[in-house]
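Listed below are the residues making up each chain.
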Amino acid sequence: MPQHVLIVGGGVGGTIVANLLARSLHRDEAEITLIDSTGKHAYMPGWLYMPFNHIGADDDQLIRSERGLLNHHVNLVTGEVQKIDTQNRELRVCHSAGLDEIRGTGGASEAVYPYDYLVLATGARLEPSDLPGLVEGEGKWHHFYSAEGSLRLREALQNFDGGRIVITVGGIPYRCPPAPLEFTFLLDEWLRKQGLRDKTEMHYLYPLPRVFPIETVAEVATPLLEERNVNYTIFFNTEAVDTERKIISSMEGEEFPYDLLVLVPPHRGARVIEDSGLGDEQGWLRTDRATLEVKGQQHIYALGEATYDGEVMCFLETGQNKATQLVFNYEHPPHPPHPSLYYHMEKQLFNRAYWHLVPQGFV
Amino acid sequence: MPELTDITIDKEIDARGSFCPGPLMELIRGMKALPVGGVLAVLSSDPGSAKDIPAWIQKAKHDYIGAFPEQGFTRFVARKAH
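Chains U and B supply the protein sequences, listed in that same order. Using the numbering used here, you'd call the opening residue of the first sequence number 1 and step up by one each time. Using the numbering used here, you'd call the opening residue of the second sequence number 1 and step up by one each time.
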């Protein structure tokens, strides 16, 4: 009898795990099923480039079918996990589409999937309601943390003719820590090209005692902000946004007026994690950092944004066709090289090569 | 600095084993949830906390009570002032 491995989430983490398991286990050993709510795989780092039109909305760099990325031994179920029953080791899933892909459910809209091993790669969700003013002010502030958000921001930038732009985060943790810095550098470059930089004051606000969580990276990024004439304020923990008066205020008692606000929305873990009681009150899972087994549980593992990660390699776009690279793990902080065209080109290449290397688990 | 035994701690958050910005963010989150006048303690084993935590408390204009070293970690104590 093969063991049932259920993987929840068809993002980068879930897809890699599914493909690696399918390659390393025989079908007599394991039946691998991946459950994803959309059946589509998004390349989230692409959203950063959309406001500047470097990547178009219909570019196939942004979204592809999950089925095409999965090893053919992996079953794909398109549906929303409603409940994680750790007692009986089963998931209740509400199917959203692609019923023909579901085996043995008789086309029912809801089904129960038993598991021997469960992998939670459920990612993070955006939760604007965690910050006062965001829900009421919908459409009057901007972000680049979804394809739709990036498109609206692109429109706002096209209508922008100078003024004060504030860039900040709605809370910590948020996915891709370098993204607000990268956005700032790319925006500076874009404004210069549009001839708007002289008419624009840019302000970067960050909750920590430096402009980036890791000190060695902050040491590289801070002089770059200064060089690009971007004002920055540290220890700014956003408390509220008043989209009518166009003012953002912090827990530390500071207020900044803006003409255009770009704010990374507050993040939480997946709702099903929050509802299941497996995580903390924000829906984040605690794991053993060596095995990624969820603390207090057996045969349940979590990875990616749903928990914390160890080995990391990422790029940091610094604008003006330059980038640097961060390589680090739990034990060793990154030592980013001087920003150069080389890393920018490597990142541009990676944006395309992603689809052929990452989901399959080759890199 | 007062003796730790003289202080009534209303809430204590154990952020040991978590690295920057973990303990500082736990403190900021904890302060947000605490009523004015409440005393918060955060346990941290991250050496960066010794600099970051007092600096944030000063910027946010809360009352810093002190850092109390223990075996392998430090207990940072502050009172919510507003």
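Please keep in mind that the hints were generated in silico from the structure rather than gathered at the bench. A hint or two may mislead.
Claimed, not checked - Here are some, though not all, of the chain U residues that point toward chain B, as calculated from beta-carbon distances under 8 Å: (1) Ile172; (2) Tyr174; (3) Pro209; (4) Pro213; (5) Asn237; (6) Ala240; (7) Ile247; (8) Met251; (9) Glu255.
To be verified - Below are the DSS-like pairs computed for lysine-lysine, each with C-alpha atoms no more than 30 Å apart in a straight line: (10) B/Lys32 x U/Lys140; (11) U/Lys40 x U/Lys347; (12) U/Lys295 x B/Lys61; (13) U/Lys199 x U/Lys40; (14) B/Lys32 x U/Lys246; (15) U/Lys295 x U/Lys140; (16) U/Lys246 x B/Lys51; (17) U/Lys246 x B/Lys61; (18) U/Lys322 x U/Lys193; (19) B/Lys32 x B/Lys11; (20) B/Lys59 x U/Lys295; (21) U/Lys140 x U/Lys83; (22) U/Lys246 x B/Lys11; (23) U/Lys322 x U/Lys199; (24) B/Lys11 x B/Lys51.
All figures in this text were calculated on a predicted structure; none of them were measured in a lab. We put the CB at the ideal spot given by N, CA and C, even for glycine.
Verification of the hints:
1. Ile172: Since the shortest Cβ distance to chain B is 5 Å, the answer is holds.
2. Tyr174: 11 Å, violated
3. Pro209: Hint on U/Pro209: holds, closest Cβ of chain B at ~5 Å, below 8 Å.
4. Pro213: 5 Å, holds
5. Asn237: Holds, about 6 Å.
6. Ala240: Where the cut-off is 8 Å and the nearest Cβ of chain B is about 12 Å from U/Ala240, the hint is violated.
7. Ile247: Hint violated; U/Ile247 Cβ to chain B Cβ min 19 Å, cut 8 Å.
8. Met251: Holds - the Cβ of U/Met251 comes within 8 Å of chain B, reaching about 6 Å at its closest.
9. Glu255: Because about 14 Å separates U/Glu255 from the closest Cβ in chain B, which is outside the 8 Å limit, the hint is violated.
10. B/Lys32 x U/Lys140: 26 Å, holds
11. U/Lys40 x U/Lys347: 23 Å, holds
12. U/Lys295 x B/Lys61: 37 Å, violated
13. U/Lys199 x U/Lys40: Distance of about 41 Å is beyond 30 Å: violated.
14. B/Lys32 x U/Lys246: Cα-Cα ~23 Å, so holds.
15. U/Lys295 x U/Lys140: 40 Å, violated
16. U/Lys246 x B/Lys51: Violated, at roughly 33 Å.
17. U/Lys246 x B/Lys61: Satisfied, since the Cα-Cα distance of roughly 25 Å is no more than 30 Å.
18. U/Lys322 x U/Lys193: Distance of about 16 Å is within 30 Å: holds.
19. B/Lys32 x B/Lys11: Given that 30 Å is the threshold and the Cα spacing comes to 12 Å, the pair holds.
20. B/Lys59 x U/Lys295: 36 Å, violated
21. U/Lys140 x U/Lys83: 35 Å, violated
22. U/Lys246 x B/Lys11: 35 Å, violated
23. U/Lys322 x U/Lys199: 24 Å, holds
24. B/Lys11 x B/Lys51: Holds - the C-alpha atoms of B/Lys51 and B/Lys11 are around 22 Å apart, at most 30 Å.
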